[in-house]
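Residues 1 to 1036 in the numbering used here are what the sequence shown lists, from first letter to last.
In short, the hints are calculated from the structure, not lab data. Where a beta carbon is used, it is the ideal one built from N, C-alpha and C, also for glycine. Don't take each hint at face value.
Below, simulated DSS-like cross-link-like pairs (lysine-lysine); rule was C-alpha separation at most 25 Å, straight line [said to hold, decoys possible]:
1) Lys241 <-> Lys27
2) Lys448 <-> Lys570
3) Lys27 <-> Lys56
4) Lys351 <-> Lys570
5) Lys56 <-> Lys241
6) Lys201 <-> Lys27
7) Lys241 <-> Lys201
Quick list of simulated restraints, FRET-style, between CB atoms [as the list claims (entries may be wrong)]:
8) Ser204 <-> Thr275: 27 to 35 Å
9) Ser378 <-> Thr409: 18 to 26 Å
10) Thr271 <-> Thr471: 38 to 46 Å
11) Thr951 <-> Ser788: 18 to 26 Å
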Amino acid sequence: MIGVYIQGSDVMNGFGVTLLADNTLLKPADVDLTGTVLSRVAAPTVVAECIAGLSKIGTCDPTTDTADTIHFAVAVLSGTTTSPTTGLLFTAIYNITGTSPAGGIPVDFQTGCGSSTSVPGGVCVTIVNGSPPPNAVDPETAQAGSFDNSTPPPWLSISSSTTTIGPIIGGGVSGTATITTTAQNGWPPASGSDSISFTTKQTSGLTASLSGGGSCAPAACSITLTVSAAAGNYTVTVFGKYSTIDAGSTLTSTLVAPVTLSVMVEDYSITVSSTTVNIPPNGATYGAATVTVTSLNRFSGPVTVSTSAVAPVGLTVSYSPSTFTLTAGGAEVTTISLSSTTMNRYLLTVKAVSGSLTRATPVVRVFADSFTVTANPSTFSFNAGDPASTILTLQSYPIGNTNSGFAGTVTLTNSTALGLGPNSPCPATATLTAGASTTVTCNFNSLKAGTYSMTITGSGGFNGAIINSTTLTITVIPVFGLSANPASLNVNATVAGTSTITASDQGGFSGTVDLSYNVSPNSGLTCTFTPTSIAVPSGGSGTSTLSCTGTAIGTYTVTVTGTAVGLTPKTVTVTYTVQDFSVAADPASPDPVLAGATTTSTIHVLPLNGFTGTVTLSVSASTPAGATCSLSVTSQHLGPSFTSYLTCQASAAGDYTVTVTGTSGSLTHTTSAVTFTVETFTIAASSPALVNVGASGTSTITVTGANGPPQTVSLSVSASTPAGLTCNLASSVTVPPTATPALSCTALVAGDYSVVVTGTFGSESHSTATIAFRMADFAIVAGSVTPSSINIGSTGTSTVTLTRINSFSDSVSLSTSVTPSTGLSASCSPQTLTGSVSSTCTLSASASGSYTVTITGADGSLSHYAALTVTVAAADFSLSASPTSVTFAAGVTGSITTVTLTPLNGFAGTVSFGAFVSPSVTPGLDVNCAPQTITGGTTSVCHFSSQSPGTYTVTIRGTSGTLSHEVTVNVTVNPVSQTSILGLDPLTFYAIVGVAVVAVAGASLVAIRRRASARQAKKPPTGFQNRGVVPGKSSR
1 MIGVYIQGSD VMNGFGVTLL ADNTLLKPAD VDLTGTVLSR VAAPTVVAEC
51 IAGLSKIGTC DPTTDTADTI HFAVAVLSGT TTSPTTGLLF TAIYNITGTS
101 PAGGIPVDFQ TGCGSSTSVP GGVCVTIVNG SPPPNAVDPE TAQAGSFDNS
151 TPPPWLSISS STTTIGPIIG GGVSGTATIT TTAQNGWPPA SGSDSISFTT
201 KQTSGLTASL SGGGSCAPAA CSITLTVSAA AGNYTVTVFG KYSTIDAGST
251 LTSTLVAPVT LSVMVEDYSI TVSSTTVNIP PNGATYGAAT VTVTSLNRFS
301 GPVTVSTSAV APVGLTVSYS PSTFTLTAGG AEVTTISLSS TTMNRYLLTV
351 KAVSGSLTRA TPVVRVFADS FTVTANPSTF SFNAGDPAST ILTLQSYPIG
401 NTNSGFAGTV TLTNSTALGL GPNSPCPATA TLTAGASTTV TCNFNSLKAG
451 TYSMTITGSG GFNGAIINST TLTITVIPVF GLSANPASLN VNATVAGTST
501 ITASDQGGFS GTVDLSYNVS PNSGLTCTFT PTSIAVPSGG SGTSTLSCTG
551 TAIGTYTVTV TGTAVGLTPK TVTVTYTVQD FSVAADPASP DPVLAGATTT
601 STIHVLPLNG FTGTVTLSVS ASTPAGATCS LSVTSQHLGP SFTSYLTCQA
651 SAAGDYTVTV TGTSGSLTHT TSAVTFTVET FTIAASSPAL VNVGASGTST
701 ITVTGANGPP QTVSLSVSAS TPAGLTCNLA SSVTVPPTAT PALSCTALVA
751 GDYSVVVTGT FGSESHSTAT IAFRMADFAI VAGSVTPSSI NIGSTGTSTV
801 TLTRINSFSD SVSLSTSVTP STGLSASCSP QTLTGSVSST CTLSASASGS
851 YTVTITGADG SLSHYAALTV TVAAADFSLS ASPTSVTFAA GVTGSITTVT
901 LTPLNGFAGT VSFGAFVSPS VTPGLDVNCA PQTITGGTTS VCHFSSQSPG
951 TYTVTIRGTS GTLSHEVTVN VTVNPVSQTS ILGLDPLTFY AIVGVAVVAV
1001 AGASLVAIRR RASARQAKKP PTGFQNRGVV PGKSSR
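The task is simple: from the sequences and hints, build the whole structure.
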């Protein structure tokens, strides 16, 4: 064992080293990574291992890897060593095969590894530091070693009881060898402890183990090596490692010796041709499968083939041959014969035995089952030349038994039926699953009439031993064919087009085919056959001519039907495209036209339904005579449509008519009449603009005369429709040149009016188109006054609405006037109305009376007005009393009533009160009202007292200037009772308060007493007197 070390290097994560030594003395054996500096980083991965030029891992380099070298490359997949790196890289293991000369032999590094190594000169040492290339290789120096065994050292010998284990018969069978080690030449030293341990290194696939845990006692000991493997050749190397520890120095000395053994394992294999076999359950014997026994790694010897297991019972199995001698590297085939009388499913295992060695096949499934073949329909017919088919159903038996029903491929064959095709109408195979069914379609054709019989056979199982069939009866019916040539043609209208109808034998037909036709659409095309039936000989054909003439353009489908007795009718279609052309004329323009001037009509020539051909145009003589006409194009070929311009003129006035005719072969088409009018003068009118009523609208009348001497044209205007339009126009004009008199019209009522201007020259008269005059106007409407009666000092309003008549579009200004001119004023806002806007007129009252307000709307000289009657009410007032009926006992003062003044129509004056009592007696009823004078919205309180029981009527009168109003209060005075005080219950008497509050600022208390004089007491009263009293006192 030779250690390869690194000292003082930078970080590293891998190396590649090739050692060189003389193999006649040091034979390369192995390498060891135990204790390497890389194992401190991670588990090293071996990249290349070439021992003596032979690859164990990776690829060897034939230029540097020889019998003298150990090439070893290792890397860690992650991490690097620490710097500086010092320690063991790996251990090289050699077998010492001789004695070196004195001074030893070198152990050095191989050269010739190129310029990218760590040591210059191509020395095969590469240390990598984990950096990306080109910096990955770390530069190093190298130092060689030497081996010297010229003076025999202590050493360890190792041997095996055999150099080859085997042949071992049977994969997995063990073989053994005894490994013995002996210390030589003074080993181990006299002092120290020692031990021997063993390890193995074997080729892949070989299992090796050592007895005793791989160790034994020194100095000479033996252990047992046990190996096993599948058939093949292997090697195993056993290393004996002798270690001793010096008692004084505690250093360990180690010797290692290897020995390599060859291992040979022989075996044979057994295979079966199919793991699934079908046989019929008919008791017959079928060679349904084969078994092959094959020598592995040169096995040879006698072999017996037999049944290892079969279940359930009922399957008979035999082998041929059942015994044979297997030669080294050879193979033997045995046929398995099977039979069963019962429909069932079996599991069979076959074995091959040679001595104590037994090999068995996988389980073979044997199906003793069957299937049926049926056809639907089994009897059928079809026309010769047509396709036909039938459905084959293959049913596995037993039906529905997925465990023991027939399963596998069924081969389909058929008998030959000459004239019936194809040769193989059915698929070659069909696949059945156990207990189920499947269907396939068999397709047939034939051109030969007749009745055929065909048997279709299905065979399956081993060698097609299961056979079933079905028989078909097929009738091919004679058929004739029908064709048309051409099948599509273009024809001109009224021209016949022909197609040849051919009837032919298409399968055993001969006879007569009768012809008929149908046209779609059903009008516009008529056809005939010549002849109307066709005689068809066997294997031949016959013809008839179809001739069709169209009278209307269009595409027609003619369906020709051929009928033969007892056979299916045949049809063929012929398409007729009936073509034509058309000639049409636009109205002449201009029309009318002045004498000597030209007018033009555009003539359109159109192809119809794809028509092609040359069309020639001609123009007729005019009616009446006198007009001359010409065409810009008189002949052109269709395809595309074309136009020609018809130009006409006449020197005499009149209404002229001409036509244009187009001709192509036998086809002729004429336009409708082209008419035009020739005049000696023309008259036209412009459209007048919108005007308001009362204003004039104007239309320009244009009179144009033909070239020639001047002529006077009289002008007249028709009455308007509706009536109401007044017009002015010059009575005549002289032309040429063109005259343009103005027609001026007015109306007093808005509306749409129309007139016509007529020009007359001799017997020739022409009129303008209707001339429309639109006369616009407006109206204003004043709404009722709100409120209907205005109080003095208040205002009222009326809404004035503008109504536009007949597209009136101007603005209208509003103004107001009031009669009488004082006591009421009026103003409107806005004062100018535009669009449909309304205006609000405000009426302000300062004196009562009845007023007339006139609102005038004006647009220039056009004006309209609306009148309003406005009432301003006179100021007044009203009186009311509460209560209007009072009752109290005689002698009591304190019953009251409240008089309220209500102003009316802005009343703002002062009202004075007076009270009148009826009857007027003494003693009677005293009335005191305070205050005696009040203004609007205030009250006066009147107190009543009396010593005389009775019923009284009190009239309270309010006076303001000439205005006077009264209110009446009924007063009842009751007699005084014995328990009363002044006629009242004592409690009531003391509770009565005789005070009235009058809400009048600055009012004075007035006591008014009414009584009759001595003179008046003697006769009925003739009136009332009011006497004022000083406040707080009364007079009687």
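Hints, verified against the model:
{"no.": "1", "hint": "Lys241 <-> Lys27", "result": "18 Å, holds"}
{"no.": "2", "hint": "Lys448 <-> Lys570", "result": "18 Å, holds"}
{"no.": "3", "hint": "Lys27 <-> Lys56", "result": "16 Å, holds"}
{"no.": "4", "hint": "Lys351 <-> Lys570", "result": "72 Å, violated"}
{"no.": "5", "hint": "Lys56 <-> Lys241", "result": "23 Å, holds"}
{"no.": "6", "hint": "Lys201 <-> Lys27", "result": "17 Å, holds"}
{"no.": "7", "hint": "Lys241 <-> Lys201", "result": "14 Å, holds"}
{"no.": "8", "hint": "Ser204 <-> Thr275: 27 to 35 Å", "result": "31 Å, holds"}
{"no.": "9", "hint": "Ser378 <-> Thr409: 18 to 26 Å", "result": "24 Å, holds"}
{"no.": "10", "hint": "Thr271 <-> Thr471: 38 to 46 Å", "result": "42 Å, holds"}
{"no.": "11", "hint": "Thr951 <-> Ser788: 18 to 26 Å", "result": "44 Å, violated"}
In the structure shown, a violation is registered for the earlier hints numbered 4 and 11, in ascending order.
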